[in-house]
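Dock chain H against chain C, hints included.
Protein chains: 2
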Amino acid sequence: MGSSDTVISIDAMGGDLGPAAVVEGMAKSAEVNPNIRFIVHGDRAELEAQIAKRRIADRCEIRHTEDVVTMHEKPSHVMRHGKGTSMWSAIDAVRAGEATVCVSCGNTGALMAVSMIRLRKVPGVNRPAIACLWPSRNPSGFNVMLDVGADIRADQDDLLQYALMGLSYARNGFGIARPRIGLLNVGTEEHKGRAELKVANEMIEAAAEFNDFDYVGFVEGGDIPSDRVDVIVTDGFTGNVALKTAEGTANLISEGLREAFKFSPLSRIAALLAYTSLQRLKKRIDPRQVNGGVFLGLNGTVVKSHGAADATGVSAAIKLAFQLAQTGFSEKLAARVASATDAGQIAKPAKETPDAEKGKSST
Amino acid sequence: MGSSDTVISIDAMGGDLGPAAVVEGMAKSAEVNPNIRFIVHGDRAELEAQIAKRRIADRCEIRHTEDVVTMHEKPSHVMRHGKGTSMWSAIDAVRAGEATVCVSCGNTGALMAVSMIRLRKVPGVNRPAIACLWPSRNPSGFNVMLDVGADIRADQDDLLQYALMGLSYARNGFGIARPRIGLLNVGTEEHKGRAELKVANEMIEAAAEFNDFDYVGFVEGGDIPSDRVDVIVTDGFTGNVALKTAEGTANLISEGLREAFKFSPLSRIAALLAYTSLQRLKKRIDPRQVNGGVFLGLNGTVVKSHGAADATGVSAAIKLAFQLAQTGFSEKLAARVASATDAGQIAKPAKETPDAEKGKSST
Chain C
1 MGSSDTVISI DAMGGDLGPA AVVEGMAKSA EVNPNIRFIV HGDRAELEAQ
51 IAKRRIADRC EIRHTEDVVT MHEKPSHVMR HGKGTSMWSA IDAVRAGEAT
101 VCVSCGNTGA LMAVSMIRLR KVPGVNRPAI ACLWPSRNPS GFNVMLDVGA
151 DIRADQDDLL QYALMGLSYA RNGFGIARPR IGLLNVGTEE HKGRAELKVA
201 NEMIEAAAEF NDFDYVGFVE GGDIPSDRVD VIVTDGFTGN VALKTAEGTA
251 NLISEGLREA FKFSPLSRIA ALLAYTSLQR LKKRIDPRQV NGGVFLGLNG
301 TVVKSHGAAD ATGVSAAIKL AFQLAQTGFS EKLAARVASA TDAGQIAKPA
351 KETPDAEKGK SST
Chain H
1 MGSSDTVISI DAMGGDLGPA AVVEGMAKSA EVNPNIRFIV HGDRAELEAQ
51 IAKRRIADRC EIRHTEDVVT MHEKPSHVMR HGKGTSMWSA IDAVRAGEAT
101 VCVSCGNTGA LMAVSMIRLR KVPGVNRPAI ACLWPSRNPS GFNVMLDVGA
151 DIRADQDDLL QYALMGLSYA RNGFGIARPR IGLLNVGTEE HKGRAELKVA
201 NEMIEAAAEF NDFDYVGFVE GGDIPSDRVD VIVTDGFTGN VALKTAEGTA
251 NLISEGLREA FKFSPLSRIA ALLAYTSLQR LKKRIDPRQV NGGVFLGLNG
301 TVVKSHGAAD ATGVSAAIKL AFQLAQTGFS EKLAARVASA TDAGQIAKPA
351 KETPDAEKGK SST
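So the protein lines, in turn, are chains C and H.
With full-length UniProt numbering as the guide, the letters of the first sequence map in order to residues 1 to 363.
With full-length UniProt numbering as the guide, the letters of the second sequence map in order to residues 1 to 363.
Excised from the complex, chain C in its bound form (with noise of 0.2 Å):
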């Protein structure tokens, strides 16, 4: 391996399309980025014949694997007995410093038990979160949500180290240089909502200074789409619940204008002369372009795309962990969150953490 190459670990098993999928995934990417190579883990045999049909051997190397994380195993069956499994093997391949970012398909609880077991949190970090992109009116296309999931509870102190994390995750996923941050609530008044929302209110406030983000303050559920924010902090409850109302919504509406098409033979004209504009239409809102939820808190970068991906979601996925890699965001953020943490309050990052100094400066 060339030794300016990126290297990702990948979960070839855990997907609901199987391993064929994803390795079409890594082909898009091994054929756009000449400086992408991966670590594989699953069934030897499979994946050398997928692998050999994609024809990026070069790129790849095989860790076999016997076991596989289905999608109804409980995460607490996966931390005691998932050693042999392929999304053990692709974590640790992060662990030992082999790969820097990990990719899968897989169960999400269970991607996140084995990723604190075997990663470990970031010192000063007291839940991880999961950082989701949403589609939006910003110019990139879409914006950062975390927690999404990772964890139902969130006190004042989580909301602000999301605050921190998702700050550094859209300057690194995403080249934003001073995100807009806003907190998830039942108004925008500073009067509105729970007890902890209006403490953390005044401590991301408090942060905005010395970690050059913009506060925009509490944000409702009708602004997570909107372009006056980039980032927005909830706890995982709330989170995932938006999250999940949002899919319904558009699929609700989507089957809606596929009933409207058919109706008539003249609205059958209509979606055939339409059909390029909703294809862009329907690219913009596609949640593949925009695959790949992200564990932030941890000791390594874990990127989880989603189950159903296909190839081009699984390169979507493999793209964002590229950038991350790329960026030393798994260091930065350590740093990020460890200076807040040592100053005991919200004040300018004095110096990196002995885990953070392979990073670069700029957290």
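One thing to keep in mind: the hints can contain errors.
One copy or two, either will do: identical chains are not told apart, so a pair holds if it fits within one copy or between any two.
20 Å max Cα-Cα, derived SDA-like pairs, lysine to any residue [what the hints assert, rightly or not]:
1) 262 <-> 276
2) 28 <-> 222
3) 198 <-> 76
4) 282 <-> 258
5) 74 <-> 194
6) 282 <-> 271
7) 192 <-> 151
8) 74 <-> 326
9) 121 <-> 325
10) 74 <-> 195
11) 283 <-> 250
12) 283 <-> 256
In short, the hints are calculated from the structure, not lab data.
Every value quoted in this text rests on a predicted model; they were computed, and no experiment measured them.
Frame of chain C, contents of chain H only:
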């Protein structure tokens, strides 16, 4: 007034479009419903002119008020100084028993605050709730969700009460004999979610048998518009975020559709051809068709129409108010909650409470 007429108390002043839209909505309802009459609260001169224009003077009694609650007034301020407003007067007509249901397009927080102090909570209800209608795949076209923002907190007892209140509402408002009730969570497995949800899950399950509803267990955000449930129970914080997130998602997609159809000459022609079909879809997911958040758990029913409601929206809210008045909904809900509370557990209603004696026996 005929003795069989149902009287609805109307706050004519609080909506974004002013009393003209409200009176036009009243006229629409009066035209199709010979058994409806109104007590209308607001500026007498303006109301007289609008009512004469719509020729419904024989169906209306005007109560002059000097003041209006604006959209940005704080509930606490309106509670102290709101006595001369059309909102206060409209609720007081229900308190006095002159009207059965109050309809207002005004400020939600203020309307709930005034409703609470003037109508008081039903004995046994800890937190009143706001129930909204949600476009769904059910034959009726919508599901009921509560609480969507009356209170930001709800413990297990509150969630059980919401289930019982939602049950009464679905049965009396929409004639669903045996509603299917679900509890919103971040997963459908029993071990998921916050502690109070796990307890509420068992309590609602136990209540199902003696209260003639089907409990479907935990549901996720994506299930809110589904046809496997009629009533979704959640706390007011989560419910409000989910509602606004769904509205925001629908708006984003609508904008995208409009842009897609404007993109090329071909897509403009397509938009023309598809016009009727798209209007049909729009109507199906049009919030105006299912307009009306209902305040549950008070001694009297209050229907909150959308602030921006036009005559169609106001008329839909009045139709809902009429239906609730006809079925003696308020008394039945009180009896349902009281029977659960009296028993100290969930048991078959033994007798109605005094307040409920004027209602019918099926709660």
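Hints numbered earlier in the text: which of these fail when held up against the supplied structure? Result: hints 2 and 8 break, sorted rising.
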